[in-house]
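> If you want the building blocks of each chain, they are given just below.
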Amino acid sequence: MPFRTRGLVRRATPFAGIAAVFAVAIATGAPALLAFPLFLLAVLSVALFDNSAQLIGIGIVAALAILILSITQLGPTSNLATAVFEVAVLGIVAAAVHEVVEHARLAEGSAEQKAIELESIDERLRMTLEAAMIGLGLVTASGRWVQVNEKLAAILGRGREELMQMGLLEVTSDADRGVVEDALGKLGRREIVRWEGEVAETAPDGRWIPVALAVVALGDHVSGEPLLLVQETDISARKRLDGMRDALVAVRHVIVTANSWEQAAPALLGSLCSHLDWDLAQYWSVADERHALRLRNSWFSDGSNLEDFNDPARNLSIEVGGGLVGRVWQSGVAASLDDLATNDYEQASAERHVGLRSAVAFPVVSGGTTMGVIELLGRHARHSDDDLVMLLSTAGVEIGQFIQRTETAEALRHSEADHRAIYERSPIGIARVSADGELLEGNPALLHMLEHDLDTMRSQAWPDLLRAYDQAAGRARIAPLLAGIPDQRSVHVRAATGGGRWLWLQLTATSIPDASGQLEHLLVMAEDVTTVRETQDRLAEALDSQRSANATLEKLDRTKTEFLSIVSHEFRTALTGIQGFSELIRDGGIEPEEIRAYGGYIFNDADRVNRLIGDMLDLDRMESGRMSIRLADVDINDVVTDVITRAASGSAVIVEFKADLDPRLPIVTGDRDRMVQVVSNLANNAVKYSPDGGIVTLSTRAEGGFALISVADTGLGIPPDEIGHVFERFRRVRSGAAQSIPGTGLGLTIVKQIVEMHGGKIWVESAVGHGSAFHFTIPLAAEHTAPNPLRHA
Amino acid sequence: MPELMGTDGYGPSMVLVADDNEVAQRLCRRVLEKAGFGVLIASDGLQAVDLALAQNPNVILMDVAMPGMDGLEAMRQIKAARPEMRVVIASAHSMASDRERFLAAGADDVLSKPFRLGDLVAVVQKLTARPSA
Numbered sequence: 001m002p003f004r005t006r007g008l009v010r011r012a013t014p015f016a017g018i019a020a021v022f023a024v025a026i027a028t029g030a031p032a033l034l035a036f037p038l039f040l041l042a043v044l045s046v047a048l049f050d051n052s053a054q055l056i057g058i059g060i061v062a063a064l065a066i067l068i069l070s071i072t073q074l075g076p077t078s079n080l081a082t083a084v085f086e087v088a089v090l091g092i093v094a095a096a097v098h099e100v101v102e103h104a105r106l107a108e109g110s111a112e113q114k115a116i117e118l119e120s121i122d123e124r125l126r127m128t129l130e131a132a133m134i135g136l137g138l139v140t141a142s143g144r145w146v147q148v149n150e151k152l153a154a155i156l157g158r159g160r161e162e163l164m165q166m167g168l169l170e171v172t173s174d175a176d177r178g179v180v181e182d183a184l185g186k187l188g189r190r191e192i193v194r195w196e197g198e199v200a201e202t203a204p205d206g207r208w209i210p211v212a213l214a215v216v217a218l219g220d221h222v223s224g225e226p227l228l229l230v231q232e233t234d235i236s237a238r239k240r241l242d243g244m245r246d247a248l249v250a251v252r253h254v255i256v257t258a259n260s261w262e263q264a265a266p267a268l269l270g271s272l273c274s275h276l277d278w279d280l281a282q283y284w285s286v287a288d289e290r291h292a293l294r295l296r297n298s299w300f301s302d303g304s305n306l307e308d309f310n311d312p313a314r315n316l317s318i319e320v321g322g323g324l325v326g327r328v329w330q331s332g333v334a335a336s337l338d339d340l341a342t343n344d345y346e347q348a349s350a351e352r353h354v355g356l357r358s359a360v361a362f363p364v365v366s367g368g369t370t371m372g373v374i375e376l377l378g379r380h381a382r383h384s385d386d387d388l389v390m391l392l393s394t395a396g397v398e399i400g401q402f403i404q405r406t407e408t409a410e411a412l413r414h415s416e417a418d419h420r421a422i423y424e425r426s427p428i429g430i431a432r433v434s435a436d437g438e439l440l441e442g443n444p445a446l447l448h449m450l451e452h453d454l455d456t457m458r459s460q461a462w463p464d465l466l467r468a469y470d471q472a473a474g475r476a477r478i479a480p481l482l483a484g485i486p487d488q489r490s491v492h493v494r495a496a497t498g499g500g501r502w503l504w505l506q507l508t509a510t511s512i513p514d515a516s517g518q519l520e521h522l523l524v525m526a527e528d529v530t531t532v533r534e535t536q537d538r539l540a541e542a543l544d545s546q547r548s549a550n551a552t553l554e555k556l557d558r559t560k561t562e563f564l565s566i567v568s569h570e571f572r573t574a575l576t577g578i579q580g581f582s583e584l585i586r587d588g589g590i591e592p593e594e595i596r597a598y599g600g601y602i603f604n605d606a607d608r609v610n611r612l613i614g615d616m617l618d619l620d621r622m623e624s625g626r627m628s629i630r631l632a633d634v635d636i637n638d639v640v641t642d643v644i645t646r647a648a649s650g651s652a653v654i655v656e657f658k659a660d661l662d663p664r665l666p667i668v669t670g671d672r673d674r675m676v677q678v679v680s681n682l683a684n685n686a687v688k689y690s691p692d693g694g695i696v697t698l699s700t701r702a703e704g705g706f707a708l709i710s711v712a713d714t715g716l717g718i719p720p721d722e723i724g725h726v727f728e729r730f731r732r733v734r735s736g737a738a739q740s741i742p743g744t745g746l747g748l749t750i751v752k753q754i755v756e757m758h759g760g761k762i763w764v765e766s767a768v769g770h771g772s773a774f775h776f777t778i779p780l781a782a783e784h785t786a787p788n789p790l791r792h793a
Numbered sequence: 794m795p796e797l798m799g800t801d802g803y804g805p806s807m808v809l810v811a812d813d814n815e816v817a818q819r820l821c822r823r824v825l826e827k828a829g830f831g832v833l834i835a836s837d838g839l840q841a842v843d844l845a846l847a848q849n850p851n852v853i854l855m856d857v858a859m860p861g862m863d864g865l866e867a868m869r870q871i872k873a874a875r876p877e878m879r880v881v882i883a884s885a886h887s888m889a890s891d892r893e894r895f896l897a898a899g900a901d902d903v904l905s906k907p908f909r910l911g912d913l914v915a916v917v918q919k920l921t922a923r924p925s926a
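So the protein lines, in turn, are chains A and B. So the first sequence is numbered by my numbering: it starts at 1 and just counts up by one. So the second sequence is numbered by my numbering: it starts at 794 and just counts up by one.
Hints listed in this document are in silico derivations from the structure and should not be mistaken for laboratory results. Since we're looking at a predicted model, the values are computed, not measured. A virtual CB, placed ideally from N, CA and C, is assigned to each residue, including glycine. Heads up, some of the hints might be wrong.
Claimed, not checked - Label-pair distances were calculated between CB atoms; the ranges are: (1) THR561/A <-> LYS919/B: 54 to 62 angstroms; (2) GLU893/B <-> ASP721/A: 25 to 33 angstroms; (3) LYS919/B <-> GLU656/A: 52 to 60 angstroms; (4) LYS919/B <-> ARG630/A: 58 to 66 angstroms; (5) LEU543/A <-> ARG875/B: 51 to 59 angstroms; (6) ALA922/B <-> GLU656/A: 54 to 62 angstroms.
As the list claims (entries may be wrong) - Residues from chain A that face chain B, not an exhaustive set, calculated with beta carbons under 10 angstroms: (7) GLN401; (8) HIS569; (9) GLN579; (10) LEU584; (11) GLY589; (12) GLY599; (13) TYR601; (14) ASN604.
Claimed, not checked - Non-contacting residues of chain A with respect to chain B, defined by C-beta distances greater than 10 angstroms in every case (computed): (15) GLY332; (16) THR406; (17) ILE578; (18) THR669.
For reference, chain A alone in the conformation it holds in the complex:
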């Protein structure tokens, strides 16, 4: 208002001046001529300073004032003309001045206009700058801020004034500073006019702010430096979305490429951290029979100094509902803590201690079960929005499925590895056989057992084995393998190894069906049962031999009983005479002649009993191997001569002895006493069974390394049905005239034993009525197997 009042006053002043001059001139009657300069002054002042309308107004007023003054004063005529002149002059002067003033004013106005326009552009620019949704600012090529808008200050999280104190490079992150500096340099040197890029700038709290930065060269600043327009857009939201997208992509990539959780965990947790801008990721796995969570994997960037926080966590056990992780486990829903500083989370002190301020945790879920919880911790307080929670929940499900899948696969692999190990290391040979009997695979034990490599096994040994199986199966009424319907019963087959050994194999076939139950392949297990079979065979042999031994024992028992029966019969027969005649003598009343005769009977029978006992003991010793023979060089001819001499002198029977001795007969090896026993026994037999005047011929000769000795008589002979038994015990020829010939019935048995003990043989030839000939051989002494020429001389 004062402005306008002042304007009115200023505009009214010339009019007041004219009125005051007019009034003074009227009152004093001063000539109009005197008043005229004053009027002119007023008009000129208006013409100089005011606008045209006021000039016209003041001009009319001044003209009227001059005219009235001139009329009222001197003669109207002369004064009027002067007045008109004065008015004209006034008018012209006023117009001229006005024109000059107008002109000057016009010139001045356009300059002013320009200035105003400029001012308004500047204003608009400033307003535009302020109103822009992007951060804008002006910098010099050295990066010094000339101007920044609020938005830019807001983006960078600083006040405008504060920002103005800094440079573009100062708010740019260390990582990107070089790039931006380089760009500014090029723009400053006009090498380029525009630069664009996405860089990270730093907030006062050190947080990185991702911005899209565009710098455009403007005109030179007053300082002479080029001026650059800086455009910044906060792209953290986009970056965050990109990060989330990238995180999910990375998670999926890891899941697809990794084989196990342990392999995937570092990359996976690392991806979550790097893409979502967290500093630490921990996977807490359900453990201890689902009673607690234990830290299984974690990730933090090198140099983050989070070891001290993370490592002790490995010993932690989180229970249901305990802390953020425990709550997530309990609820199965992702949750976050935006600022640990304002939260009394159990671990918060430890986390605050290492500078961790925010956390988000999400469940790792598979099949509706929470398998664990992944917690991401960051050094900045932040708000985890729904998008992130959603993303992490999705990731949790995918990770859970992955863990489930890989652990199942791992378990399968273990199981597969177990089976493989069994197959590879089993001592049992295992063959995988196709439905048509072809060998698909043989384990090392099979190949080792049969001493073949797989190729020869497949082409040669297996077909043989297969045929052997089917033959054995046929015998055992088992379905043949070739028919593809084996059961689990075993067959034993004989198989030759590559090394030419023969084995007993126990083959057991099992059919392996495919998913539809159709026979897919067969497993044939081969066990080397050679030892078992051989043991069985030996056992069977031993049983057989035991059985035959039993039979022998039984026979022996029978023989023994028989023997006892015979022996007792022989004894009792002999005792009958001894007892009876001695009873007669004892009872008296017998003639001395009789007594002598009875004494003879008694003596003979007693002697017979004695001989019987001696022979039996001899025979027993020989048969049990307890009789030793004292081997020495024996001249058989000498033995025979000796026997003939004794027999001829002692025998009551009249027989003629003949000797047909080979003078060149070599020495034999034997026991001379036994030789004498044999020859004399045969000679006595010959005498016993010979009639009076019979001839007993003893002959010797060498034959094929043996001395052959024969004792032939011209006696009764042995009936054909008895000749095979003459060497058996108590087999005396009793038929015909032989019946009354005494003997123990053991003589020939003993003779045979002695001959056989010397390594010789004995046999008999006989014809009833013509006599018998007993022959036996004794081996010649080794050095005398050739005829002895000395003997001939």
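Starting from the known structure of chain A, arrange chain B on it as the hints suggest.
Only chain B this time, still in chain A's reference frame:
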């Protein structure tokens, strides 16, 4: 040469001794003759059968183990022909089972060798005792 004595009337009873052992033959003859019996001797089964059928002895003292026909076979043949003829088996086969075996084969009595002389006489006397006497 066997002595031929009447087996009927009041003559001495006749005993046939069948044994392949000479000593046994002599002993039996000596003892039985002393006891008043007539004695016939056979040295084997065949001879025993012949003499038994020919001479009708009252009692036959029969050994078992004899050459040719053994005593049991001889007894069987004699009993077949003369069922009333008494046969005593006098054997050195003296196992417990032997006695049963001989009785089952038809022997009237069994005498084990060696025997007491009194037993021999008693067996023969028992079998020759006539119910009418």
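> A separate judgement is required for each hint: does it hold in the structure or not?
Hints, one by one, checked against the model:
no.: 1; hint: THR561/A <-> LYS919/B: 54 to 62 angstroms; in the structure: 33 angstroms, violated
no.: 2; hint: GLU893/B <-> ASP721/A: 25 to 33 angstroms; in the structure: 30 angstroms, holds
no.: 3; hint: LYS919/B <-> GLU656/A: 52 to 60 angstroms; in the structure: 53 angstroms, holds
no.: 4; hint: LYS919/B <-> ARG630/A: 58 to 66 angstroms; in the structure: 59 angstroms, holds
no.: 5; hint: LEU543/A <-> ARG875/B: 51 to 59 angstroms; in the structure: 57 angstroms, holds
no.: 6; hint: ALA922/B <-> GLU656/A: 54 to 62 angstroms; in the structure: 56 angstroms, holds
no.: 7; hint: GLN401; in the structure: 96 angstroms, violated
no.: 8; hint: HIS569; in the structure: 4 angstroms, holds
no.: 9; hint: GLN579; in the structure: 4 angstroms, holds
no.: 10; hint: LEU584; in the structure: 7 angstroms, holds
no.: 11; hint: GLY589; in the structure: 9 angstroms, holds
no.: 12; hint: GLY599; in the structure: 12 angstroms, violated
no.: 13; hint: TYR601; in the structure: 5 angstroms, holds
no.: 14; hint: ASN604; in the structure: 8 angstroms, holds
no.: 15; hint: GLY332; in the structure: 101 angstroms, holds
no.: 16; hint: THR406; in the structure: 92 angstroms, holds
no.: 17; hint: ILE578; in the structure: 7 angstroms, violated
no.: 18; hint: THR669; in the structure: 40 angstroms, holds
Going through the hint list in order, the structure does not satisfy hints 1, 7, 12 and 17.
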